[in-house]
Amino acid sequence: MRIEISRLTKTYGGGVHALNGIDLDVPTGMYGLLGSNGAGKTTLMRVLAGLLRPTSGTVRVGGHDITTADGRLAVHRVLGYLPQELGVYPDLTARRFLDYIALLKGLDSRSLRRRRIGELLETVALTEHADHKLKGFSGGMLRRVGIAQALLADPRLLIVDEPTTGLDPEERIRLRGLLTEFAEDRTVLLSTHIVEDVAQTCRFLAVLVKGRLVFQGDVEELVSRADRRIWTVTTPGPAPSRGRIVGSRPDGGGTRYRILAATSPDPSAQPSEPTLEDGYLALMEAGR
Amino acid sequence: MIATMRYEFRMQIRRPVLWIVYGLTYAATVATFGSTYVTLDLGFGEGLASKTAMISSASLLMSLLPIVYGCLIADRLIRDRLLGVAGVLDATPAGRTGRLIGKYLGTCTATAVPLMLAYFGRAVAYAITEGEPAALGWAVTLFVTAVVPGLLFLGALALAGPLLMPVMLFRVLFVVYWFWGNLIPATMMPTLSRSIFAAKSEYVAYGLLDYGSNLTIPPNVILPPEGIVYGPSPGASLNFLRPEATPAVAFLWIGVMIALAAAVLFLTRLHTIRTES
Amino acid sequence: MKSLDLWSYEIRRAGPATLLAPPALVLLIAALAAFGTRLGSREGNTAWFLLGALETGIPLVAGIAAASLIGRDRSVELLLTLPGGYRPTLLRRLVVTVGWAALCALAASVLLVATGWWELIPGAPGGLTGQLTWLSPLLWLSALGLLAAVTLRSTAAATSVVASVWVFEQMFSGVLRESTVPRLLYLFPTTRWGSAAEWLPNRLTLLSTALLLVAAAWPLLGNAERTLTGGETE
Numbered sequence: 025m026r027i028e029i030s031r032l033t034k035t036y037g038g039g040v041h042a043l044n045g046i047d048l049d050v051p052t053g054m055y056g057l058l059g060s061n062g063a064g065k066t067t068l069m070r071v072l073a074g075l076l077r078p079t080s081g082t083v084r085v086g087g088h089d090i091t092t093a094d095g096r097l098a099v100h101r102v103l104g105y106l107p108q109e110l111g112v113y114p115d116l117t118a119r120r121f122l123d124y125i126a127l128l129k130g131l132d133s134r135s136l137r138r139r140r141i142g143e144l145l146e147t148v149a150l151t152e153h154a155d156h157k158l159k160g161f162s163g164g165m166l167r168r169v170g171i172a173q174a175l176l177a178d179p180r181l182l183i184v185d186e187p188t189t190g191l192d193p194e195e196r197i198r199l200r201g202l203l204t205e206f207a208e209d210r211t212v213l214l215s216t217h218i219v220e221d222v223a224q225t226c227r228f229l230a231v232l233v234k235g236r237l238v239f240q241g242d243v244e245e246l247v248s249r250a251d252r253r254i255w256t257v258t259t260p261g262p263a264p265s266r267g268r269i270v271g272s273r274p275d276g277g278g279t280r281y282r283i284l285a286a287t288s289p290d291p292s293a294q295p296s297e298p299t300l301e302d303g304y305l306a307l308m309e310a311g312r
Numbered sequence: 505m506i507a508t509m510r511y512e513f514r515m516q517i518r519r520p521v522l523w524i525v526y527g528l529t530y531a532a533t534v535a536t537f538g539s540t541y542v543t544l545d546l547g548f549g550e551g552l553a554s555k556t557a558m559i560s561s562a563s564l565l566m567s568l569l570p571i572v573y574g575c576l577i578a579d580r581l582i583r584d585r586l587l588g589v590a591g592v593l594d595a596t597p598a599g600r601t602g603r604l605i606g607k608y609l610g611t612c613t614a615t616a617v618p619l620m621l622a623y624f625g626r627a628v629a630y631a632i633t634e635g636e637p638a639a640l641g642w643a644v645t646l647f648v649t650a651v652v653p654g655l656l657f658l659g660a661l662a663l664a665g666p667l668l669m670p671v672m673l674f675r676v677l678f679v680v681y682w683f684w685g686n687l688i689p690a691t692m693m694p695t696l697s698r699s700i701f702a703a704k705s706e707y708v709a710y711g712l713l714d715y716g717s718n719l720t721i722p723p724n725v726i727l728p729p730e731g732i733v734y735g736p737s738p739g740a741s742l743n744f745l746r747p748e749a750t751p752a753v754a755f756l757w758i759g760v761m762i763a764l765a766a767a768v769l770f771l772t773r774l775h776t777i778r779t780e781s
Numbered sequence: 013m014k015s016l017d018l019w020s021y022e023i024r025r026a027g028p029a030t031l032l033a034p035p036a037l038v039l040l041i042a043a044l045a046a047f048g049t050r051l052g053s054r055e056g057n058t059a060w061f062l063l064g065a066l067e068t069g070i071p072l073v074a075g076i077a078a079a080s081l082i083g084r085d086r087s088v089e090l091l092l093t094l095p096g097g098y099r100p101t102l103l104r105r106l107v108v109t110v111g112w113a114a115l116c117a118l119a120a121s122v123l124l125v126a127t128g129w130w131e132l133i134p135g136a137p138g139g140l141t142g143q144l145t146w147l148s149p150l151l152w153l154s155a156l157g158l159l160a161a162v163t164l165r166s167t168a169a170a171t172s173v174v175a176s177v178w179v180f181e182q183m184f185s186g187v188l189r190e191s192t193v194p195r196l197l198y199l200f201p202t203t204r205w206g207s208a209a210e211w212l213p214n215r216l217t218l219l220s221t222a223l224l225l226v227a228a229a230w231p232l233l234g235n236a237e238r239t240l241t242g243g244e245t246e
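Chains as they are written, first to last, in the numbering used here: chain A, 25 to 312; chain B, 505 to 781; chain C, 13 to 246.
Keep in mind that the hints were calculated from the coordinates and are not lab data.
Beta carbons are placed, not taken as given, at the ideal position from N, Cα and C, and that holds for glycine.
Keep in mind that the hints are not guaranteed to be accurate.
[Claimed, not checked] Negatives, chain C to chain B, calculated, CB over 10 angstroms:
| hint | residue |
| --- | --- |
| 1 | Ala33 |
| 2 | Ala77 |
| 3 | Asp85 |
| 4 | Leu123 |
| 5 | Ser172 |
| 6 | Phe180 |
| 7 | Arg189 |
| 8 | Thr192 |
| 9 | Glu210 |
| 10 | Leu219 |
| 11 | Val226 |
| 12 | Ala227 |
| 13 | Pro231 |
[Stated by the list, open to error] One-sided excerpt, in silico: chain A residues whose CB lies under 7 angstroms from chain C:
| hint | residue |
| --- | --- |
| 14 | Leu75 |
| 15 | Arg77 |
| 16 | Lys159 |
Given the sequences, and given the hints that come with them, work out the whole structure.
Laid out in structure tokens, this is it:
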């Protein structure tokens, strides 16, 4: 399911430009959307989910125009959506919450719902908590309930906004695996500010900064933005003053610094292989 | 406490709905009272003194607007829990008691601002049109002594009530309480109306400011032998809660309102201690 | 089976306050009907209180509950992305809230008819028409609550509007009786005015204007952006 966005603008009341002239093409598969907090990711997700109307521009999801009522209905029929802040009903158990959402999504057969919910609870490792009320769930557990509800009706398009927030490393790895597997023949749009999530799951990604799209392409291309610009310096003294320090850790008697700089920041600096995070930071630096 | 108060004040005063709902209710009040609100004459004829006019103005405004005041305060304390910020606030250096008082004073003051503007706006208009600057002095005196104590109690009640029951239910009961306990005639049924426990009361006007004695009574009105008395209503039950208005009783009413507010806040604090353990 | 399951969830979503307040009022009515006279209340007074609880009390609960429906929903962002949209869900919840209050009011009125109290209420017609005594204000205040909630996008504001209208109508019953339009739109004529010549037209006007209020709210409810943003967190 392809998403085609052309000259998309979203302006809120008070003249706040949340999205400014976005042109983006999202193919089938896993697609990452990176950006700092407030970059406009959630607004874009909400526009794609048919929750917000674009101020101008066109958005087509699987060929359906999201700005029309028919188009939105067609998209909602194939959509699984995990909002950034999923509110749940604390008085319901995880199983009953999922059952309620499944009913609203049109899964009429009780036996089908029971089976599907059982599978999903297993997938998100919540089977043993399935009959506990949601008011006792941790943030990570609620996130997993959110993922399960998004997958209930076997959607063709999955939009997940910050899905790994609050998850521990093990849960995060499990979720990444789940999303990657799910994206084999579907479209998964992963919005996050955690670069590692995109690095581990997506081949293609886009980067939003203050409502503008500053990058779209594949992961390698973004990584290459930091080619020959990442340096390692180990020193017992103060950090080198040139370049931007993107990492530091104790090493022997000194500190090992990872530095983003166009030229060698220190006579002892060694060139280093860039990561996606370095590419992202290089992109941000270039935009300043 | 001061920081909490300032924050809560700003949060509440910036709610557009605060102004919209007060505006609607104020418009309904003015439209209904019509000429009475224009003349501020509650039926005692010509030659109004500015004091009498300001008492009338307070009495008219305090009929409907406190409903808005209570309903808008009712969600403020439980909001911290719903938004999940209670834990964060608990970790701040501000003590819980200080925060509760700050929240109470900040929220109540902000919610009372539209009411104050309406009241003092009318006072300024009266002072200009009637050429009576003394009205402004009476307005301040009246507001501080006769309106604020009631608002202090109502604010505490509205802030704390939803801790004990769903906020929806509290709002229903608050409306019923306001109607039953403050607006209906004392003779209609057993009620707190006109009693020392009523938030809308005229004890200060009658007891402290001598409202009843200097009214110009039209000749066709036959007064009871004891004159105009605010207090016991003939034929009403619970009259023991309605002592005759005197300066001492007016001060007693102010004290009762403040004591009730303090008691409600104290119980709220106890409730939070119980729920945090 | 699907619809049964769905409705059972919607009933649960109504919350304890919405589910318990109307029957609590009915119990109060029953207690007053049974023991009022023994407590020293005059027969006429008791009948008036019973009617007041029915014509003004239960509609107030329904109105405030309807005004709180949207603001209380924590999962609204998710529900707005479901194929059916948010309106059917909200409509079901409205039916539960208002329907339950109506059922309780009906039970109370049957109780009053069966025990003979209904006949002591001046101005309340008997039979099915008599049921408009509570039905009209109940639907009107609920519709007002819904419209206020969608327009103002704040539960506090919407409940304040319902509450203010309720108190306003109670306080100014005399003034409102003086001119035709307010008379036709007055919510509590049976309690406040006793027998009224335009009782039935008043009841029918309320029902039709309640429909208008819902019709005004309906398109606003279909606007996901409006429902999602700009509102207040309650």
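Beyond 10 angstroms from each Cβ of chain B, as asserted for Thr192(C): With a cut-off of 10 angstroms, Thr192(C) remains clear of chain B, as the shortest Cβ separation is near 16 angstroms.
Pro231(C) non-interfacial with respect to chain B [C-beta, more than 10 angstroms]: Non-interface label stands for Pro231(C): nearest chain B Cβ at 20 angstroms, farther than 10 angstroms.
Minimum Cβ-Cβ distance from Leu123(C) to chain B exceeds 10 angstroms: 21 angstroms, holds
Whether Ala227(C) stays farther than 10 angstroms from all C-beta atoms of chain B, as the label says: 21 angstroms, holds
Whether Leu219(C) stays farther than 10 angstroms from all C-beta atoms of chain B, as the label says: 23 angstroms, holds
Non-interface claim for Arg189(C) versus chain B (Cβ beyond 10 angstroms): Check passes; 13 angstroms lies beyond 10 angstroms.
Outside-interface status for Ser172(C) - nearest CB in chain B farther than 10 angstroms: Given a closest Cβ separation of 4 angstroms, the condition is violated.
Separation of Phe180(C) from chain B, once the least beta-carbon distance is taken, above 10 angstroms: With a cut-off of 10 angstroms, Phe180(C) comes too close to chain B, as the shortest Cβ separation is near 6 angstroms.
Chain C contact restraint on Lys159(A) - CB to CB distance below 7 angstroms: 11 angstroms, violated
10 angstroms Cβ clearance of Asp85(C) from chain B: Holds, since 12 angstroms exceeds 10 angstroms.
Least C-beta distance between Glu210(C) and chain B, which was stated to exceed 10 angstroms: 20 angstroms, holds
Interface hint outcome for Leu75(A) [beta carbon to chain C under 7 angstroms]: 5 angstroms, holds
Hints 1, 2, 5, 6, 16 from the earlier list are contradicted by this structure; the remaining hints agree with it.
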